[in-house]
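8 protein chains.
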Amino acid sequence: MQNRVLVGIVMGSDSDLETMQETMKILEKFGIGYEVKIMSAHRSPQIVEEYALSAEERGLEVIIAAAGGAAHLPGMIAAWSKLPVIGVPIQTQLGGLDSLLSIVQMPSGVPVATVSVGKGGAKNSAVLAVEILGIKYPELKKKLKLYKEEMAKDVEEKNKKLKAIKSPKI
Amino acid sequence: MQNRVLVGIVMGSDSDLETMQETMKILEKFGIGYEVKIMSAHRSPQIVEEYALSAEERGLEVIIAAAGGAAHLPGMIAAWSKLPVIGVPIQTQLGGLDSLLSIVQMPSGVPVATVSVGKGGAKNSAVLAVEILGIKYPELKKKLKLYKEEMAKDVEEKNKKLKAIKSPKI
Amino acid sequence: MQNRVLVGIVMGSDSDLETMQETMKILEKFGIGYEVKIMSAHRSPQIVEEYALSAEERGLEVIIAAAGGAAHLPGMIAAWSKLPVIGVPIQTQLGGLDSLLSIVQMPSGVPVATVSVGKGGAKNSAVLAVEILGIKYPELKKKLKLYKEEMAKDVEEKNKKLKAIKSPKI
Amino acid sequence: MQNRVLVGIVMGSDSDLETMQETMKILEKFGIGYEVKIMSAHRSPQIVEEYALSAEERGLEVIIAAAGGAAHLPGMIAAWSKLPVIGVPIQTQLGGLDSLLSIVQMPSGVPVATVSVGKGGAKNSAVLAVEILGIKYPELKKKLKLYKEEMAKDVEEKNKKLKAIKSPKI
Amino acid sequence: MQNRVLVGIVMGSDSDLETMQETMKILEKFGIGYEVKIMSAHRSPQIVEEYALSAEERGLEVIIAAAGGAAHLPGMIAAWSKLPVIGVPIQTQLGGLDSLLSIVQMPSGVPVATVSVGKGGAKNSAVLAVEILGIKYPELKKKLKLYKEEMAKDVEEKNKKLKAIKSPKI
Amino acid sequence: MQNRVLVGIVMGSDSDLETMQETMKILEKFGIGYEVKIMSAHRSPQIVEEYALSAEERGLEVIIAAAGGAAHLPGMIAAWSKLPVIGVPIQTQLGGLDSLLSIVQMPSGVPVATVSVGKGGAKNSAVLAVEILGIKYPELKKKLKLYKEEMAKDVEEKNKKLKAIKSPKI
Amino acid sequence: MQNRVLVGIVMGSDSDLETMQETMKILEKFGIGYEVKIMSAHRSPQIVEEYALSAEERGLEVIIAAAGGAAHLPGMIAAWSKLPVIGVPIQTQLGGLDSLLSIVQMPSGVPVATVSVGKGGAKNSAVLAVEILGIKYPELKKKLKLYKEEMAKDVEEKNKKLKAIKSPKI
Amino acid sequence: MQNRVLVGIVMGSDSDLETMQETMKILEKFGIGYEVKIMSAHRSPQIVEEYALSAEERGLEVIIAAAGGAAHLPGMIAAWSKLPVIGVPIQTQLGGLDSLLSIVQMPSGVPVATVSVGKGGAKNSAVLAVEILGIKYPELKKKLKLYKEEMAKDVEEKNKKLKAIKSPKI
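Residue numbers (this note's numbering), protein chains in the order written: chain Z, 6 to 175; chain G, 6 to 175; chain L, 6 to 175; chain V, 6 to 175; chain F, 6 to 175; chain A, 6 to 175; chain W, 6 to 175; chain X, 6 to 175.
For the record, the hints were derived by calculation from the structure and aren't laboratory data.
Please note that a few of the clues may not be correct.
Straight-line alpha carbon distances no greater than 27 Å define the calculated DSS-like cross-link-like pairs of lysine-lysine that follow [claimed, not checked]:
hint: 1; chain 1: V; residue 1: K42; chain 2: F; residue 2: K166
hint: 2; chain 1: A; residue 1: K146; chain 2: W; residue 2: K146
hint: 3; chain 1: A; residue 1: K148; chain 2: W; residue 2: K141
hint: 4; chain 1: G; residue 1: K42; chain 2: X; residue 2: K42
hint: 5; chain 1: Z; residue 1: K168; chain 2: W; residue 2: K165
hint: 6; chain 1: X; residue 1: K30; chain 2: X; residue 2: K158
hint: 7; chain 1: G; residue 1: K141; chain 2: L; residue 2: K42
hint: 8; chain 1: L; residue 1: K168; chain 2: L; residue 2: K147
hint: 9; chain 1: Z; residue 1: K42; chain 2: X; residue 2: K124
hint: 10; chain 1: X; residue 1: K30; chain 2: Z; residue 2: K141
hint: 11; chain 1: W; residue 1: K165; chain 2: F; residue 2: K30
hint: 12; chain 1: G; residue 1: K141; chain 2: L; residue 2: K148
hint: 13; chain 1: V; residue 1: K148; chain 2: V; residue 2: K34
If you want the footprint, here are the derived chain F segments under chain L, 3+ residues with CB under 8 Å [to be verified]:
hint: 14; region: 100-106
hint: 15; region: 116-130
hint: 16; region: 159-166
Only a predicted model underlies this, so the values are computations on that prediction, with no experimental measurement involved.
Cβ coordinates follow ideal geometry from the N, Cα and C atoms, glycine included.
Please work from the sequences and hints to get the whole structure.
What follows is the structure in structure tokens.
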């Protein structure tokens, strides 16, 4: 796993970059190599096709695709590739319901592993990628265990602060 | 216009055929040649690409694409082609709202001319195609005029029947 | 096509003007003559009727109509005219879902070619108009080809910048 | 009020007739003269305009308009007339949410008095018409009082039956 | 009609006041006397009951009720009164869809004349009240005619300004 | 607790009876006395008021109210009473979303304890009533414990049957 | 009831704290002891389980749980406990509809008493808790009576201010 | 991979079994060992916890969880386990939007790989599991390639039948 790019992150527009930096942070935390590309299912379908068709032989094992509105990028990557594709719905003026439905409601035979709308989903796309890679790379399992413990601790920390800030009268 | 296939009708699944026969009936009424194909943006993306890229040189002038759920077919046809693409959202278990949003919420630069959900939309996709072709083929303008008059007459006929069936007491 | 007004842009309110300037920019880019009018299906129905009934003989070939809420303007233009009508749903306090459904869910026989909600839809209404006019005016086909290539290049440019700004560790 | 047609009932399609018979039943119950017409804002806009413009001088005092989907009929009647217009959203494949939003979300200055979706709304459109006419015709106020008492009694009757059918163990 | 309070305006909370000032402005424009009260279907149901039961004998002819969320005020006024009740859905964190459905989806026999969400709806509630009162007070009909002409002129004015600001190249 | 009516079940219409029999079955299972009434917030508001105002002194401790559409019954019971009120949204042509929002989105100070839409919600309204009564009547706590164990066992039973019906190949 | 913690307030994240302070204010007003904890159904499920399983024996009688998005905290508390659980849906980028449906649509046998979205719901969760506790602690009934009278007075106060600020012309 | 149970399929109710048989069929087609269990996040949370905590050591590599309504099962499995969890939203009386949002809108750090609503989603959950397992087991990659080719061929077959059934006039 060391020194290899295992995860491809693609997004439909450079305006999605801020959201998708949440994905990158998590992958870096887990020491997973990734690459980032902007490509559009609608404006550069040829690039999407080439990217998806070559992804596997270039060593990618998971693709994370973010898009908004009539979000076709995750679905088209899934159409052209046999790798697991994780879809991140970007928030829109309709709240992101359009992005979510356009990504999740895929036809039989061509799934996209959809996560939640926006930055939380971007973060979760990375965690899901780690879980998927974890079935092949045992070192990730250990890190996931630590990550989960850290999350639980983090909640507990907040709980303690809470007691300091706001304590009930009784 | 005579003896030429001007409109390509594509749909994601053979279950969409019943809906799309409404499109064919209208095109036949206007004497417009069409072809019908089943192809899937997700299951046969290569066919979609080839179809869309060759559509113009094969003489097509408008493409009507129907799909349901994460309905990518109209959008992908639009991505690969410079022809006007009309999208018909197929009804689904979510009422068709998923299909509608996946077709209409296209990104800047790659429009799909979206019509209503289901059979009414299928019919309207054909009328819209006639209107579009009408700016090039004057004979269609005349037929459209007659069609519109016929619709108005049809409403008037129903009105008359209504008077017969149900007449107010005064 | 030179020196002629081919596209009529109408909108229900002057508050829609900012959105619809996206339409004008694209039409100017393609050298297509247009006219802009404010008219309301509800507040000035007579004007809408006269405009729609005279549009064809005044040389218009496509009408783009924008409206929000119970958005009747595109539908009423379509009712009175035989030209292809493109509808742009304006964003509202309900996100624009009301505008979208009021424009797209037209009855059989009277279609409106609906595009996405807001500024993206405004831009796309112009691109769709160009595609429609392109079946009659071959010079537009060439420009569309260049436009599509430009879009693809633009995506590629953003991609390159991305590499400079944010490069993965591996 | 006697022997005069005070309420105009219009609907976009003969398929709306079953729903709108609920309206007629209530008006008959209150002895209010009505007329029924099928006309389409999109398919016969000229008829709609003429109907709305002449409604007042023909003695109508309230217009009830039913439509489904991109339901423009109530709004267009309201645009052409100064009479109060009651809109009945017809149920559709999207549940009727499209009809409801297309009728209720009217722009400033041109209201439609919207009632609930489907048969219940059809019935209520008549009751609302009675309430409106009641401010001019005092005899309707008395009938309304009786109607309301009857409704309350009807609920009480059901309550009694309930006791017979299903009595709690204690 | 002179010097009499014909319209009761009630609202569930003082936070609705800003919205409902649109209603007052229109009623003042038409010279219609009104009264304004804050009362809550849930927090002061007794006041609502008393208000609704006494409204008619105090000379009110139309009641306009505004509320948000599980908006029961218009419906409860309608339950206790025989006057026509106009409901204004106040905007909420769910966009106002909750207010709209809670007001419009009334059961058979007890209608609320629902207008659009927010300030536009507030304005329209007044116009609807004028139209309703117009069937009894002929002087309002004349004012309505002028108001409608003024609206149409206003649209035309905006149209002229538009020509000055933004003129197409051709 | 023995031989006393502790729970009042009210519903807006006799068509809700089938749904609410789920509530009765559960209360009977727990040996809790209940009474059932049909009353309408809109058609018999006086009955609702009297019922809610007298509920406490008549010994009721929890009220379960079911309604559909612009479902005001639970909210009005809550307005007139100080008892905990549980609201059951009845399914409608809009799926029950209107009932749900009309019941749950109550203003500050007047809560309705809302459960899920339809029969499942009816059942849960009874379980919630048991949990609420359980803080006063210890014998219900024991029954709840058994009920929860029974539910878990029931799931386990289904699991066993599953193994019999459908066993994986490995 | 004196000097005892009767209500447990739990929330999924410290970002929910601002919302839930509305709950605390009301409980303090009624003199009800409470405790506040942050715990996550997803990030610290063990803590949730332990908390819910021990709640009853630690003397809690009602649990209020707030969460947003795929809001599992109220449901999981209800799964592990026999106490009545009140769920507060936190507002999200989808308006809070996701939180609401995730909390209210519980399966048969495991209810969550759901209140409205956001701060109003937080406040109402406390009032509902008071009503529930009121069936056991008679002193709360008296306070509830005063609280309800205070609310009604508060509405009346606003009404009076309204008369001062804005008085109709007649 | 041979002779091992790699995929755990869990569902909240035996009524989900019909839907989830689509999952089993696909896994069998790919020769992947699976186990099926009914367990409820709400009715048997202890079983869910034990299942999720032991899944990894028992050799499972992917868990597919189906649930409807306030669908907590996938999320709770994800909370207790470090394996990738695929969530299948079951159709409900709200169309399945409640199930979808309850599964997909997970908080940061605890993703569920969500697929489409109903049977199509059940099928896709299996294909996604195959894609995920494919990064570890190369033989699955080959089968996936064949499966994708088969899907494309299947579309082509339908296309051919179409030509036979319905051929355009030209």
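Of the numbered hints stated earlier in the document, which are not met by this structure?
Violated: hints 1, 4, 5, 8 and 9.
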